[in-house]
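Student: Sequence:
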Amino acid sequence: MAETKTYREALREAMVHELDNDESVILMGEDIGVYGGTHLITDGLYDEYGPKRIMDVPISENGFTGAAVGMAMMGMRPVVEMMTWNFSFLAADQIIQNAAKVRYFSGGQ
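Numbering (numbering that gives the first Met the number 0), first residue to last: 0 to 108.
Because the hints were derived from the structure by calculation, they are not lab data.
Computed beta-carbon distance windows for the label pairs:
1) Met73 / Tyr6: 28 to 34 Å
2) Met70 / Glu47: 16 to 22 Å
3) Lys4 / Thr37: 16 to 22 Å
4) His16 / Ala71: 17 to 23 Å
For every residue, glycine included, the Cβ atom is placed at its ideal position computed from N, Cα and C.
Using the sequences plus the hints, can you model the full thing?
Tutor: Pasting the structure below:
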């Protein structure tokens, strides 16, 4: 029988798996580093992977989502954590106006 996991446990397991297997994966979000995140999903990951891979960012969802778009364009694999779902609307501009169009803005490069 399959093991039952909480959504939080499954998220953490997936993030740890990717961090262990791909050096280009980084996590970024508000208070996810030293504090371990609002829901403690990233608790202890800062100590294990360090500040270059577990990044605490300022309260600017639009700003750090834009940074993640740029990182992805350069070959990194950023995972952005929004503290709550309603903050994702603040990041929508970066996703809709920049990430979705970059192929066309760059001539497919």
